Structure formats: structure tokens, C-alpha cells
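Trainee: Chain by chain, the residues run as shown.
2 protein chains.
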Amino acid sequence: MKLKMMYSFLNSDLNIIEKELKKAIQSKSPLLRQASLHLLQAGGKRIRPVFVLLAGRFGQYDIHVLKNVAVALELIHTASLVHDDVIDDAELRRGELTVKAKWDNRIAMYTGDYIFARSLELMTVIDNVQAHKILSNTIVEVCIGEIEQIKDKYKFDQNLRTYLRRIKRKTALLIAVSCQLGAIAAGVEEEIHKKIYKFGYFVGMAFQITDDVLDFTGTEKELGKPAGGDLLQGNITLPVLFARENPSIRAEIEKVHEKMTKKEINQVISLIKTSDAIEKSLKISDRYLTKALAVLEELPPNKAKKTLRDIAKFIGRRKY
Amino acid sequence: MKLKMMYSFLNSDLNIIEKELKKAIQSKSPLLRQASLHLLQAGGKRIRPVFVLLAGRFGQYDIHVLKNVAVALELIHTASLVHDDVIDDAELRRGELTVKAKWDNRIAMYTGDYIFARSLELMTVIDNVQAHKILSNTIVEVCIGEIEQIKDKYKFDQNLRTYLRRIKRKTALLIAVSCQLGAIAAGVEEEIHKKIYKFGYFVGMAFQITDDVLDFTGTEKELGKPAGGDLLQGNITLPVLFARENPSIRAEIEKVHEKMTKKEINQVISLIKTSDAIEKSLKISDRYLTKALAVLEELPPNKAKKTLRDIAKFIGRRKY
Chain A
14 MKLKMMYSFL NSDLNIIEKE LKKAIQSKSP LLRQASLHLL QAGGKRIRPV
64 FVLLAGRFGQ YDIHVLKNVA VALELIHTAS LVHDDVIDDA ELRRGELTVK
114 AKWDNRIAMY TGDYIFARSL ELMTVIDNVQ AHKILSNTIV EVCIGEIEQI
164 KDKYKFDQNL RTYLRRIKRK TALLIAVSCQ LGAIAAGVEE EIHKKIYKFG
214 YFVGMAFQIT DDVLDFTGTE KELGKPAGGD LLQGNITLPV LFARENPSIR
264 AEIEKVHEKM TKKEINQVIS LIKTSDAIEK SLKISDRYLT KALAVLEELP
314 PNKAKKTLRD IAKFIGRRKY
Chain B
14 MKLKMMYSFL NSDLNIIEKE LKKAIQSKSP LLRQASLHLL QAGGKRIRPV
64 FVLLAGRFGQ YDIHVLKNVA VALELIHTAS LVHDDVIDDA ELRRGELTVK
114 AKWDNRIAMY TGDYIFARSL ELMTVIDNVQ AHKILSNTIV EVCIGEIEQI
164 KDKYKFDQNL RTYLRRIKRK TALLIAVSCQ LGAIAAGVEE EIHKKIYKFG
214 YFVGMAFQIT DDVLDFTGTE KELGKPAGGD LLQGNITLPV LFARENPSIR
264 AEIEKVHEKM TKKEINQVIS LIKTSDAIEK SLKISDRYLT KALAVLEELP
314 PNKAKKTLRD IAKFIGRRKY
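Line by line, the protein sequences give chains A and B.
For the first sequence, this note's numbering begins at 14 and goes up steadily by one.
For the second sequence, this note's numbering begins at 14 and goes up steadily by one.
Mixed in with the good hints there might be a few duds.
Repeated chains share a single entry, so a pair holds when one copy, or any two copies, can fit it.
With a straight-line Cα cutoff of 27 Å, these simulated DSS-like cross-link-like pairs (lysine-lysine) come out [unchecked claim]:
(1) Lys-41 to Lys-164
(2) Lys-272 to Lys-41
(3) Lys-272 to Lys-115
(4) Lys-208 to Lys-319
(5) Lys-181 to Lys-272
(6) Lys-146 to Lys-41
(7) Lys-211 to Lys-15
(8) Lys-238 to Lys-166
Calculated directly from the structure, the hints in this document are not laboratory data.
On a predicted model such as this, the values are computed, not experimentally measured, just so you know.
Using the sequences provided together with the hints, build the complete structure.
Mentor: Written out as C-alpha cells, the structure reads:
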């Protein structure tokens with residue numbers, strides 16, 4: 014089953030969110046409007062809005078409240094992608110030129126700032142100080158994660174803990190908080206929204222590990238960007254950590270640098286793919302998914318629960 | 014009288030804010046801590062915290078509430094400076110190397126993001142949705158201003174209105190909001206805090222115009238960076254707009270480009286200084302100050318009012 018089929022009952026609400034997303038980044042500045050729309054229109058899975066809406070089903074589901082949280086979280090994610098592409102000097106994202114490639118780094122920086130600020134504006138409809146504390150704390154952690162990622166580039170001797178902490182900040186926290194804020198905005202009690210947070214956290218960890226695996230196993234068409242990009246940019250992901258355990262592969266990995274040719278990097282990718290690194294990485298991802306499903310069982314039954322289960326299972330075997 | 018002397022009665026509270034500022038950007042990431050502290054320790058006038066505290070005097074003055082607002086606003090300002098220096102490719106700020114010069118653009122971008130996110134975290138102590146709406150809306154406007162500034166670089170044919178709108182977004186709004194949020198955090202009623210906002214807006218406009226004049230008339234020592242930097246970077250400020258009215262000066266101004274030598278740019282600066290552009294610019298600044306003082310008269314009497322009057326008057330004749 015395709016991901017979108019799993020939550021087709023949310024379609025009309027997701028259409029509302031899609032419209033609100035475009036509305037949210039309308040700006041008096043044409044340059045800002047174009048740069049902001051550019052990435053948004055290239056698509057994306059909108060997985061954070063989906064989590065917001067599904068979590069909202071555990072309480073008083075009101076799309077006119079939840080849409081603001083959903084749009085805010087998707088925009089925060091979008092803003093971080095725009096800034097990421099500056100850091101990674103990336104040319105392509107979702108099969109389209111990045112903002113920094115189509116315009117420049119300076120435009121990308123302020124476009125990210127703008128999208129981020131707009132998301133904050135939308136969040137102010139939520140009259141709940143706890144929600145704002147959770148969100149701002151998450152953003153702080155995301156920034157720390159980004160800086161640590163820069164610092165750890167091409168550092169081949171990092172350990173599993175460093176990696177897991179980094180993907181927590183980079184991905185899992187924002188997914189966890191999408192779940193939690195959706196629940197809070199629907200008036201769900203604390204005991205429950207903390208469990209929904211945990212579910213999101215575990216799913217987010219699995220999601221990022223799968224993403225890091227796909228960077229090796231996916232095709233350029235599936236990924237919307239060349240494979241092996243992470244490694245080429247010096248981002249040491251889980252498959253690299255495992256492949257590194259083999260001394261001869263390790264020697265090749267440590268030779269990786271930014272200016273490598275496509276042929277050279279493809280050889281290293283092949284080595285990693287033929288090792289047991291992919292399998293080992295997916296096992297760790299599975300472990301997080303098992304935890305996610307266990308937390309889910311503790312939640313009250315409803316339609317969202319089945320869908321969250323399907324999504325979690327999908328993440329373990331996704332191809333894009 | 015020196016600026017700091019005017020509000021010496023705030024000294025002990027400003028010391029608290031100085032400590033809180035340092036505390037606020039402590040981070041588990043050493044790189045982030047160093048980069049954030051770097052700019053903060055280079056000083057700065059802390060004019061936004063001063064406005065927050067003075068505005069707080071119109072209501073229930075509680076330093077333990079106000080300090081969070083003051084620190085948040087100074088951090089937002091600091092974050093925007095870090096991002097500004099990336100845009101302007103600036104090497105020096107407050108007489109020290111900029112974050113982007115000491116580290117690089119990528120570190121500067123995320124340091125800015127981090128400081129900004131920390132400021133939001135601090136603001137969540139204010140349990141007032143209106144305050145959050147005001148702040149996030151201001152940040153959106155500041156971002157639009159920044160993008161417009163990039164777009165308008167080296168555009169020598171812009172008019173007074175474009176310039177005024179840009180400095181409103183760049184400077185005046187955040188000062189206005191410092192005044193307003195200080196008042197709101199002290200429980201000041203709407204009629205009054207809107208007037209305090211207006212005062213801040215007029216003072217902010219005058220402040221930025223004076224700043225733009227000083228970029229021509231100040232020495233490198235006074236400014237902490239070389240004079241004429243704005244023009245060299247293509248930022249068309251008020252003195253340039255006035256000087257441009259003289260066709261022969263206009264011809265020289267339009268030759269300005271990024272790679273000009275110091276000698277060449279100094280010749281253009283001299284031309285602008287010897288024209289009536291400086292005097293005309295200061296007249297516009299004075300007009301805003303007169304408006305600021307008029308609004309101030311409508312506010313209830315207290316010690317803060319006299320100080321705000323002194324500060325407004327100081328801004329008109331400041332040298333740094």
C-alpha cells in the first residue's frame with residue numbers, strides 16, 4: 014500500500030493544509046514569495062502535518078485549530094531544509110534546484126528565516142504556553158543538532174551515540190513534537206500526549222535511519238538527488254559507521270572528500286552496499302519501530318491508531 | 014552626558030540582564046557557545062533591554078519578568094546581526110571579527126538560528142498571547158526587510174519611501190516592540206502601551222538615520238568598523254539619496270562597486286560629506302525625534318519618562 018492511501022480519509026483536511034501552506038508564505042516581497050514557494054511546490058511527504066492531524070484524533074479534532082499547528086510544523090521543517098541546503102552546498106532537493114542554487118546563500122538564509130518566522134506567527138493561535146515552550150525548546154535542539162553536524166563532518170571516528178543524538182535532534186524531535194502538539198491542540202491530557210510524543214520520537218528515529226540507508230540504496234530518480242550525497246558531504250550516517258568495522262572498507266571511507274568524482278564515490282558506495290552495513294542499520298531502525306508500536310498499543314483505540322501503525326510499518330520498508 | 018549615565022539607576026538591573034544574556038546562550042555545544050558568546054562579549058549598547066526596562070516602569074515593574082523580555086529582544090537583535098554579517102560579508106563588528114569571519118558562513122547561519130531560538134524559549138515565560146503575536150509579526154517584518162535590502166543593493170534609483178520602509182523593518186520595529194513588550198509584561202493597559210510603541214518607533218527611525226549618517230561622518234575607531242561600509246556594500250542610505258540630487262556626485266556614486274579600493278571609496282565619501290546630504294539627513298532624523306517627544310508628553314509622568322526624553326535627545330547628537 015502506498016503511504017498516501019493509508020490516510021486517504023484525511024485527504025480533504027490535507028488539501029486545506031496545502032492551501033494554508035501556500036497562503037502562509039504569501040509575502041509583499043516578490044523575491045521572498047518566489048523563493049519560499051519554490052521548495053514548497055516541489056512537494057515533500059507532508060508527514061509532519063499528517064502526524065499532527067492523526068494525533069489530533071485522540072482528542073477534540075478541530076481542523077481549524079489543528080491546521081495552524083500542522084502548517085507551522087511543516088514550515089519549520091521547510092525552513093530547516095532551506096538552511097540545510099546552504100550548509101550542504103546542495104544543488105538539488107526534491108528533484109528541483111535548491112533555493113541556494115537557484116538564487117544564492119544569502120537569499121536562502123533569509124528565506125529560511127522568513128519561513129521560520131511565519132511559522133511562529135501561525136503558532137500563536139494556540140493559546141497554550143506549554144505548547145510554545147515545547148516548540149521553542151525543540152527548535153533550540155534542532156539548531157544544536159545542525160551545528161554539531163557541521164562540526165562532525167568528515168570525522169570518521171564518531172560513535173553510534175553521537176549519530177543517534179544527532180538524528181534525534183535533526184529529525185526525531187520535530188516528528189515527536191508534531192504528534193505531541195497535535196494532541197495538545199486537541200486538548201488531549203498530559204499522560205496521553207506524552208505517549209504520543211514517544212511514539213513520534215521512535216518513528217522519527219526509524220524514519221531518519223531509513224533515510225540514511227536510502228541515501229546508499231536508492232536511485233537518483235527515487236531520491237530526487239544523487240545517491241551517496243551524505244557521505245560525499247562528510248555526513249557520517251549509520252551505514253558508514255557499520256561499514257567502517259571492516260578495515261579495508263574503512264580505509265576507503267577515510268579517503269572520502271568533497272571533490273571526489275562521481276565514479277570514485279560510487280565505488281565507496283558499492284563497498285558499503287555489499288557489506289552487512291545496510292542490514293545492520295535496518296535492524297536498528299526495526300528496533301525503534303518495535304518500540305513505537307509498543308507505545309502505540311498503550312493509547313486509546315480509534316481510527317488514527319490503526320493508521321499510525323500502518324505508517325510506522327511502512328517506514329521500515331519505504332523506498333523513497 | 015553619556016548615554017549610560019542617563020539610566021544609571023537601572024545599573025543593577027542591567028547587570029542582571031548582562032548575566033542572563035551570557036546564561037541564555039550557554040550550550041552543550043562548545044562551538045555554538047563560543048560563536049554565540051563572541052559577538053555578545055564584544056559589547057553593544059544594549060539599547061533594547063534599556064527600552065524594555067524603562068517601558069516596564071509605566072506598570073508593575075518586576076525585573077524577574079522583565080529580564081526575560083529584555084534578554085529575548087537583545088538576543089533577537091544579536092541573531093539578526095550575525096545573519097546580517099553573512100549578507101554583508103562583513104569582517105568586523107563592534108571592533109571584533111564577525112562570526113562569519115572568525116568561523117564561516119555556515120556556522121554564522123546556525124549560530125544566528127540558535128540565538129534566535131533561545132530568545133523564543135525565553136519569551137515563553139510571558140503568558141500573554143498578544144505579546145507573542147506582536148513579536149512573531151515583528152520578526153516576519155524584519156525578515157522581509159532583510160530580503161528587500163539584498164534586493165535593493167546597488168540600486169541607486171530608489172526613493173525616500175523605500176528607504177524609510179526598509180529602516181522601519183530593519184531597526185525601528187524592534188525598538189518599538191521592545192518598548193511595547195516591556196510595557197505589556199508590566200501589565201500596562203493597551204492605550205498606553207500603544208503610545209509607548211509609537212515612541213519607540215519614532216526613536217528607532219531617528220536612531221537608524223543617525224547610524225546611517227555616522228557611517229559617513231564617524232571614524233573607524235568610533236564605529237568599530239571602516240567608515241563608508243554601507244555604501245561600499247551597496248546599501249543605499251539617506252545621505253546617499255540626498256547627495257544623489259547633485260548630478261556630479263550622483264555620477265560618482267553610481268560608479269561604486271564592491272571591489273573598490275579604500276582610496277576610491279574615500280573620495281566618494283568626501284564628496285557626500287561636503288554636500289548638504291548629511292545636514293538634510295539629520296533634519297529628517299530630527300523630525301522623527303520631535304514626533305517621539307510629542308508622544309512621550311502624552312504618557313503618565315514618572316522617572317522613566319525623563320530618561321526616555323534624554324535618550325531620544327541623545328540619539329540626535331550621538332557620535333557612536
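Trainee: As a check of your reading, is Lys-208 near Lys-319 (CA-CA no more than 27 Å) within one copy, between copies, both or neither?
Mentor: For Lys-208 and Lys-319, only the intra-copy Cα distance (16 Å) is at most 27 Å; the inter-copy one is 54 Å.
Trainee: Is the C-alpha distance from Lys-272 to Lys-41 at most 27 Å within one copy, between copies, in both cases, or in neither?
Mentor: neither (40 Å within a copy, 32 Å between copies)
Trainee: First find the shortest C-alpha distance between Lys-146 and Lys-41 inside one copy, then the shortest across copies, and answer within, between, both or neither for a cut-off of 27 Å.
Mentor: between (30 Å within a copy, 19 Å between copies)
Trainee: Indicate which option fits the pair Lys-211, Lys-15 if close means a Cα-Cα distance not exceeding 27 Å: within, between, both or neither.
Mentor: Cα proximity of Lys-211 and Lys-15: one copy only (25 Å, versus 55 Å across).
Trainee: Which holds for Lys-238 with Lys-166 at a C-alpha limit of 27 Å: within a copy, between copies, both or neither?
Mentor: Classified as within; 20 Å inside a copy, 33 Å across copies.
Trainee: Taking 27 Å as the upper bound on the Cα-Cα distance, should Lys-41 and Lys-164 be classified as within, between, both, or neither?
Mentor: Between copies, since 13 Å is at most 27 Å while 37 Å is not.
Trainee: Can you give me the call for Lys-181 and Lys-272, within, between, both or neither, at a CA distance of at most 27 Å?
Mentor: For Lys-181 and Lys-272, neither the intra-copy (29 Å) nor the inter-copy (44 Å) Cα distance is at most 27 Å.
Trainee: For Lys-272 and Lys-115, with the copy left unspecified, which applies at a CA distance of at most 27 Å: within, between, both, or neither?
Mentor: Result: close both inside a copy and across copies, 21 Å intra and 24 Å inter.
When held up to the earlier numbered hints, the structure conflicts with 2 and 5 and fits the remainder.
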